[in-house]
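Novice: Start from the sequences, fold in the hints, and give me the full structure.
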Amino acid sequence: MTSYMLRRLIGSFIVMWAVATLVFFMLRLVPGDPVAAMLADAGGPDEIAAMKARLGLDRSVFVQYGIWFSNMLQGDLGSSIYGSRIEVARIIAEALPRTLSLSLLAFLIAMVIAIPAGIISATRRNTMTDNTVSLFAFLGLSMPDFWLAIILIIIFAANLQWLPAIGYTPMDEGLWQWFRHLILPAIAIGTAFSAIIARMIRSSLLEVLNSDYMRTARAKGLTPRMLMFGHALPNAMIPVITVIGIAFALLISGAVVVENVFAIKGLGRVLIEGILNRDYPVVQGAVLVVSAIFVFSNLIVDLLYGLIDPRIRLN
Amino acid sequence: MTDTAIDPAAASYAKPRSRLRATLAQDRKAQLGLIVLGLFVLAGILAPLLAAYDPNEMTLDMMAGISWSHPLGTDDLGRDLLSRILYGTRVSLFIGVSTVGIALVAGITLGLVAGYFGGWIDMVIMRYIDLQWAFPNFIIAVYLVAVFGTGLLNVIVAISLAFVDDFARIARSMTLSLREEQYVDAARTLGFSNLRTLFVHILPNAVAPIIVQATVSISYAILGEASLSFLGLGVDANTPTWGLILADGRGFITQAWWLGVFPGLAIMLVVLSINFIGDWLRDALDVRQSL
Numbered sequence: 010m011t012s013y014m015l016r017r018l019i020g021s022f023i024v025m026w027a028v029a030t031l032v033f034f035m036l037r038l039v040p041g042d043p044v045a046a047m048l049a050d051a052g053g054p055d056e057i058a059a060m061k062a063r064l065g066l067d068r069s070v071f072v073q074y075g076i077w078f079s080n081m082l083q084g085d086l087g088s089s090i091y092g093s094r095i096e097v098a099r100i101i102a103e104a105l106p107r108t109l110s111l112s113l114l115a116f117l118i119a120m121v122i123a124i125p126a127g128i129i130s131a132t133r134r135n136t137m138t139d140n141t142v143s144l145f146a147f148l149g150l151s152m153p154d155f156w157l158a159i160i161l162i163i164i165f166a167a168n169l170q171w172l173p174a175i176g177y178t179p180m181d182e183g184l185w186q187w188f189r190h191l192i193l194p195a196i197a198i199g200t201a202f203s204a205i206i207a208r209m210i211r212s213s214l215l216e217v218l219n220s221d222y223m224r225t226a227r228a229k230g231l232t233p234r235m236l237m238f239g240h241a242l243p244n245a246m247i248p249v250i251t252v253i254g255i256a257f258a259l260l261i262s263g264a265v266v267v268e269n270v271f272a273i274k275g276l277g278r279v280l281i282e283g284i285l286n287r288d289y290p291v292v293q294g295a296v297l298v299v300s301a302i303f304v305f306s307n308l309i310v311d312l313l314y315g316l317i318d319p320r321i322r323l324n
Numbered sequence: 208m209t210d211t212a213i214d215p216a217a218a219s220y221a222k223p224r225s226r227l228r229a230t231l232a233q234d235r236k237a238q239l240g241l242i243v244l245g246l247f248v249l250a251g252i253l254a255p256l257l258a259a260y261d262p263n264e265m266t267l268d269m270m271a272g273i274s275w276s277h278p279l280g281t282d283d284l285g286r287d288l289l290s291r292i293l294y295g296t297r298v299s300l301f302i303g304v305s306t307v308g309i310a311l312v313a314g315i316t317l318g319l320v321a322g323y324f325g326g327w328i329d330m331v332i333m334r335y336i337d338l339q340w341a342f343p344n345f346i347i348a349v350y351l352v353a354v355f356g357t358g359l360l361n362v363i364v365a366i367s368l369a370f371v372d373d374f375a376r377i378a379r380s381m382t383l384s385l386r387e388e389q390y391v392d393a394a395r396t397l398g399f400s401n402l403r404t405l406f407v408h409i410l411p412n413a414v415a416p417i418i419v420q421a422t423v424s425i426s427y428a429i430l431g432e433a434s435l436s437f438l439g440l441g442v443d444a445n446t447p448t449w450g451l452i453l454a455d456g457r458g459f460i461t462q463a464w465w466l467g468v469f470p471g472l473a474i475m476l477v478v479l480s481i482n483f484i485g486d487w488l489r490d491a492l493d494v495r496q497s498l
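First to last, the protein sequences are chains R and P.
Read the first sequence against the numbering used here and you will find it ends at 324, with the numbers running on by one and no gaps.
Read the second sequence against the numbering used here and you will find it ends at 498, with the numbers running on by one and no gaps.
Treat the hints with care, since some could be wrong.
[Stated by the list, open to error] Covered stretches of chain P (in silico footprint by chain R; criterion: 3 or more residues with CB under 8 Å from a CB of chain R, positions within the stretch not fixed):
#1 434 to 443
#2 451 to 465
[Claimed, not checked] Distance windows between CB atoms, simulated:
#3 P:Thr396 <-> R:Asn140: 51 to 59 Å
#4 R:Ile164 <-> P:Ser384: 43 to 51 Å
#5 R:Ala27 <-> P:Gly326: 15 to 23 Å
#6 P:Arg226 <-> R:Asn140: 38 to 46 Å
#7 P:Leu241 <-> R:Arg133: 22 to 30 Å
#8 P:Ile273 <-> R:Trp26: 53 to 61 Å
#9 R:Asp221 <-> P:Val407: 39 to 47 Å
#10 R:Met14 <-> P:Gly245: 47 to 55 Å
#11 R:Ala228 <-> P:Asn401: 54 to 62 Å
#12 R:Asn286 <-> P:Gly308: 56 to 64 Å
#13 P:Leu246 <-> R:Asn140: 20 to 28 Å
[Said to hold, decoys possible] Examples of chain P residues toward chain R, derived with CB under 10 Å:
#14 Asn263
#15 Leu267
#16 Met269
#17 Met270
#18 Gly272
#19 Tyr350
#20 Ala353
#21 Ser426
#22 Pro470
#23 Leu472
#24 Leu476
#25 Val477
#26 Leu479
#27 Ser480
For the record, the hints were derived by calculation from the structure and aren't laboratory data.
Backbone N, C-alpha and C define an ideal beta-carbon position, used for all residues, glycine too.
Specialist: Written out as structure tokens, the structure is:
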């Protein structure tokens, strides 16, 4: 197990290095000159050259890469090329808790819906209830998250005026305020995720319920409750956990879009604004952090999988 | 070949076409999906005939509600919402099909080559595919638009590239299992070229999972394009696409709810239809769900 963990850990760092390098060189291919765009009409060729020298953009790409890479290892991601040239690391440090708390809340909401829905539709297979759950799962998978966000705003913010339509309040300014601002975006992001997990739990549970050891457990005279929660569910959740790993990526990509609807300045909004403004250092930093979240959440899920299911460890 | 009928497993695969027809007759959701998708395809093709207005024509009828002259209302610039959504159908469906087509050809070629030849070719291709696999398709598309810029061609390239890994992985794993089959050995023994063995003997037998993946991918591609357009990373500001119409209307949804509801409804109906069809194909072609 230790050597497996070590191998996976090293692999994850190699992936991150590859991503960082790809991102650095690909952004250098971008058409258009950011310095010229930044100075707009205010600068002639001399001003542009001076600014480039100040930003280090006049040196060879490989020298830039070396400097950028060693800075990055020390946690220095450069600074925004605009305005007060705020540090990228600081922008991200402010944005990260927003995206993470949004994704986590979305995850919780999704699981609270998906687990009972999956269990109910598996135990009442092919009934009205099962079909209703299945239809809602299809709807959830087919709705664009940003559209669901807009619908939620129209209903709960504009018409009923129960919840705020935009913004974010940190948790230390009151749990309720934090929750009030995040609940609509979290539902918008969590719905598709919830649909995937519910369908997965259903099919996985159906397989387990038909297995021999469940027949034995029933023959022993266990109560339905013990059968479900003691035997069926723990086994049925094993394949679900890998899907949770894959689907966690869905939550983060959902956050990238939905943050823009609710004007929450999380990683997604930072990334998209950076792209629209051609603010390279910000885009690089955001891409790296978003990528790191994927790579390491995959790693955690893989390791968790090995802990839960001893059969995996042998391979 | 005459004794295939003795093998019941082989018999169920004997006529995939009749199997498809038989399962479709019982699958209400798939029937509905085919009808709704068919209507949208027609609407896209006939958009110039069906749309009562030019999709970009501004009138003084700004943010007008639902009426006979504007069945879905108008936007803040007085443009007819129904006409814009009709034209948006073209962009959405075109991008959905073209990106998956490109990703399919590129991904399958990579996967077939990697699986069939093995060795260092396999390693190089799969290292890249694994790297891309670590990231969600939509995020890859966003990264690529960040590099290439916006515009129709760039959006198509970005979404296509984002889906390449899905097809490459399926084609490779099918090739790996089929490579050991006797009929592939036979083809090689008969002296057929690698190219012929790959495309004539291996590919047709790997078709079922590829069809299912392609169907699902079209729905994700349509959602992806809509999301990119919504974020301002889409085709361009003058081409009405469903995502862009929603982005334009977003600021006015408190006064004009139709701007926030109908374009998204169009996206949802198309994606839902494709998902219904995909589900039917998965059952009928007996492909195990990978996600």
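Novice: Now look at each hint and say whether the structure bears it out.
Specialist: To see whether the hints hold, each was checked on the structure:
Given as covered by chain R, the stretch 434 to 443 of chain P passes the check, having 5 residues with a CB less than 8 Å from a CB of that chain where 3 are the minimum. Counting residues of the stretch 451 to 465 of chain P whose CB lies closer than 8 Å to any CB of chain R gives 5, which reaches the minimum of 3, so the coverage claim holds. Range check, P:Thr396 to R:Asn140: Cβ separation about 52 Å, and the 51 to 59 Å hint holds. Against the hinted window of 43 to 51 Å, the Cβ-Cβ separation of R:Ile164 and P:Ser384 comes to about 50 Å, which satisfies the hint.
Distance hint check for R:Ala27 and P:Gly326: the Cβ-Cβ separation is about 21 Å, which falls inside the suggested range of 15 to 23 Å. Between P:Arg226 and R:Asn140 the C-beta distance comes to about 23 Å, which lies outside the given range of 38 to 46 Å. Between P:Leu241 and R:Arg133 the C-beta distance comes to about 29 Å, which sits within the given range of 22 to 30 Å. The hinted window of 53 to 61 Å between P:Ile273 and R:Trp26 holds, with their beta carbons roughly 55 Å apart.
Taking 39 to 47 Å as the suggested C-beta distance range, the pair R:Asp221 and P:Val407 conforms, at roughly 44 Å. Checking the proposed 47 to 55 Å range against R:Met14 and P:Gly245 shows it holds: the Cβ atoms sit about 52 Å from each other. A beta carbon spacing of about 56 Å between R:Ala228 and P:Asn401 agrees with the range 54 to 62 Å that was offered as a hint. Range check, R:Asn286 to P:Gly308: about 33 Å between beta-carbon atoms, so the 56 to 64 Å window is missed.
Here the CB-CB span from P:Leu246 to R:Asn140 is close to 24 Å, well matched to the stated 20 to 28 Å. Violation of the interface hint for P:Asn263 is found here, the shortest Cβ-Cβ separation to chain R being roughly 22 Å, above the 10 Å cut-off. Annotation: interface hint on P:Leu267 violated; nearest CB of chain R at approximately 25 Å, more than 10 Å. Residue-level restraint check for P:Met269 is violated (minimum Cβ-Cβ distance to chain R is 19 Å; threshold 10 Å).
With a cut of 10 Å, the hint placing P:Met270 at the interface with chain R is violated, because the nearest CB-to-CB distance is about 15 Å. Taking 10 Å as the C-beta cut-off, the interface hint given for P:Gly272 is violated, the closest approach to chain R being about 15 Å. The restraint placing P:Tyr350 at the interface with chain R holds, with a minimum CB-CB distance near 6 Å, inside the 10 Å limit. Contact between P:Ala353 and chain R, as hinted, is supported at the beta carbon level, the nearest pair being about 4 Å apart and thus within 10 Å.
The interface hint given for P:Ser426 holds, since its Cβ lies 7 Å from the closest Cβ of chain R, which is under the 10 Å cut-off. Look at P:Pro470: its Cβ gets to within about 8 Å of chain R, closer than 10 Å, so that hint holds up. The restraint placing P:Leu472 at the interface with chain R holds, with a minimum CB-CB distance near 8 Å, inside the 10 Å limit. Proximity of P:Leu476 to chain R holds as hinted, the smallest CB-CB distance being about 8 Å (cut-off 10 Å).
A least Cβ separation of about 8 Å between P:Val477 and chain R falls short of the 10 Å threshold, and the interface hint therefore holds. At its closest, the beta carbon of P:Leu479 sits 4 Å from a beta carbon of chain R; the interface hint therefore holds under the 10 Å criterion. The beta carbon of P:Ser480 is positioned within 10 Å of a beta carbon in chain R (closest approach about 8 Å), and the interface hint is therefore held.
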